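So you can see what is in the structure, the chains are spelled out below.
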Amino acid sequence: MTTTKSKIVYTPEFTDGSEYRIPTLKLLKQDGTLYKGGKAPDISKEKALRIYRTMVTTRILDERMLAAQRQGRLSFYMQCTGEEASVIGSAAALDDADMIMAQYREQGALAYRGFSIDEFMNQLFGNEKDYGKGRQMPVHYGSSKLHYMTISSPLATQIPQATGYAYGQKMAGSKQCTMVYFGEGAASEGDFHAGMNMAAVHRVPAIFFCRNNGYAISTPANEQFAADGIAPRGFGYKMDTIRVDGNDILAVYQATEEARKLAVEENRPVLVEAMTYRLAAHSSSDDPSGYRSKEEEAVWQAKDPILRMYNWLLKKKWWSAGEEKELQENMRREVLETMKRAQKLPPPPLESLVTDVYDEVPPLLNEQFEKLKAHIRKYPDEYPKSAIHVQGGA
Amino acid sequence: MAKMNMLQAINDALDLAMAANEKVMCFGEDVGVFGGVFRATSNLQQKYGKDRCFNTPLVEQGIIGFANGLAAQGSFPVAEIQFADYIFPAFDQIVNESAKFRYRSGNLFNVGNMTIRTPYGGGIAGGLYHSQSPEAYFAHTPGLKIVVPRNPHQAKGLLLASINDPNPTIFFEPKRLYRASVGEVPEGEYQLPLGEAEVLKEGSDVTVLGWGAQMEVIDKAVEMAEKEGFSCEVIDLRTILPWDVETVAESVLKTGRLVITHEAPLTGGFAGEIAATIQERCFLYLESPIARVTGMDTPFPLVLEKEHFPNHLKVYEAIRESVEF
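Chains as they are written, first to last, in the working numbering: chain A, 1 to 394; chain B, 1001 to 1325.
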């Protein structure tokens, strides 16, 4: 049974949809003033400062940890630099109990929820206090108490999962939604289509938030898709869709706040496309000078989302240069001190190698573990991280 | 007790699971009002509503991705993949996501409530794409449980156990037996243990091991072999992952011989894994090489299906050769 209500024509007519261009919501200019006709969303001073402090924290954490990676203290790192307004502005428009399923560059959302610098460091260094028990590469954070699903490296797998999670929220009558983040590159994966289509068909309270930051590692957006961004795909699924200036904290916040209403109150999933720019490299293993120009980067540096919010806060007299200096100094110190502390903590116990594969360690795996322990006892000097755990015994 | 075929037993298990726990949801392609192409979910939508038993779009990676998210949220998804041959678009969601969810999060999150049901195996003139037995691909993935029932009684008890087990489980249903296998099934809820093989018949000359639809093949072969005076011990492995090494090894220590049979191709099949482990455990007790009777290393054929198939004659020959080695 087809459900199309299309008009009938008698000569072939093709369309590629370009007669309809999706607009971009902008509210805040770089100098901190509002665009004519734009109205700032209702954000309290307290909330605005929580957002701003999180943006600055994320920027400083990223700077320091990339430096730590360069010094060889850390194996790997990924920065959110340039995308802080997209990530933190959207997280701030959620309820703190809404589920977040991120891709990997959304540490700002987790910081906004209250993940401490200690908690970040424990994961980055994979020490005994890492919730993930040292099993995943740096930046694969997760927190059940903060409703932030542990990051998984495969791209876009979180998208249909978000649809399922949100379906469960709807069935439970929880009045919560699921926020799922992904990049414009990940949107090429089959899982994007699967998750979007199922969300629209099954009417789930989910927000699909695309960080269109221009690059998937080195591949520019114009080699990723032929269409005008990701937003037009929302139409194909009959999903409410909006595009925003991703460096505009007020626009991101407002769009997400409205999207959440549609999702939670009407079970209408929403696609949000935030137009932004990955100012940093893809990861510590990447070097953007091989595929883009300094001039291009400079254009986007001039649109820095943090500076834009700073200018707005100054105009509102909610913030000052003195407070800025103090925040930056305190954060730098806290990051450094915490890093030193986290680095000194021991690695997770040897047992964590075999737990959590299943709810209980199966017999065959247990045998493998016993064999390993006997081997380590024989060559303790070769296994400095775990020899201490196997001393004594036969 | 009631006489049921395997489909009725599966349907009964789903019905009981949905009645007992409102968080159990059944979904997949055509599972809604139609009840699935094999009718395993018949009447569930009518009974429990469209929210708990529903059709999904035709996208296997979406079905399993959805199930992963739903399980992480705390619901009990029972996702159907219409044929095991079509499970591969969901391979990433199963292997990289379901299987690793608990481990990678340090047990902050898990998808243990999830069960994937999928019909597998040949013997229905299904050709390349309605006949495969892909259990070995998944057996290479720590974190999953893989279960295969041999008859209606087993199907009901093992499916209920799979739904309630706190680990993601793939439940392979031998579709050749859906209607062909009929037997007494207890009424009401009962669970059979996962991770435990079952010795169906004791014997002293040779251990014959299989799972799922091959157990019927083994029965026929063993009947022939016993007429020749060979005493066979028959074991249904039931759970492929994690598998019950102890029961199999104990049997082979006694008989000194092992014949393993599965429908999937020889190379990389799960029989190879069993053979490797058992020769390690039972090396000095073995009287003959461990034999594998399996599908051939070809795609699953159509017209020459019978030739390809590890039928009772091939299993019988392997038993004879093993004992007379």
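Derived from the structure by calculation, the hints contain no laboratory data. Nothing here was measured: the structure is a model prediction, and the numbers come from that model. Heads up, a few of these hints could be off.
To be verified - Result set (BS3-like, lysine-lysine): computed pairs, CA atoms no more than 25 Å apart in a straight line: (1) A/Lys29 - A/Lys315; (2) A/Lys238 - A/Lys145; (3) A/Lys45 - A/Lys344; (4) B/Lys1023 - A/Lys145; (5) A/Lys175 - B/Lys1003; (6) A/Lys26 - A/Lys7; (7) A/Lys238 - B/Lys1050; (8) A/Lys175 - A/Lys26; (9) A/Lys344 - A/Lys317; (10) B/Lys1023 - A/Lys175; (11) A/Lys175 - A/Lys238; (12) A/Lys36 - A/Lys317.
Claimed, not checked - These stretches of chain A come out as covered by chain B in the derived footprint (C-beta under 8 Å, 3 or more residues): (13) 53-61; (14) 78-87; (15) 127-134; (16) 266-279; (17) 376-385.
For every residue, glycine included, the Cβ atom is placed at its ideal position computed from N, Cα and C.
Hint by hint, here is what the structure shows:
no., hint, verdict
1, A/Lys29 - A/Lys315, "holds (12 Å)"
2, A/Lys238 - A/Lys145, "violated (34 Å)"
3, A/Lys45 - A/Lys344, "violated (38 Å)"
4, B/Lys1023 - A/Lys145, "holds (22 Å)"
5, A/Lys175 - B/Lys1003, "violated (45 Å)"
6, A/Lys26 - A/Lys7, "violated (35 Å)"
7, A/Lys238 - B/Lys1050, "holds (21 Å)"
8, A/Lys175 - A/Lys26, "violated (29 Å)"
9, A/Lys344 - A/Lys317, "violated (42 Å)"
10, B/Lys1023 - A/Lys175, "holds (17 Å)"
11, A/Lys175 - A/Lys238, "holds (22 Å)"
12, A/Lys36 - A/Lys317, "holds (21 Å)"
13, 53-61, "violated (count 0)"
14, 78-87, "violated (count 0)"
15, 127-134, "holds (count 4)"
16, 266-279, "violated (count 0)"
17, 376-385, "violated (count 0)"
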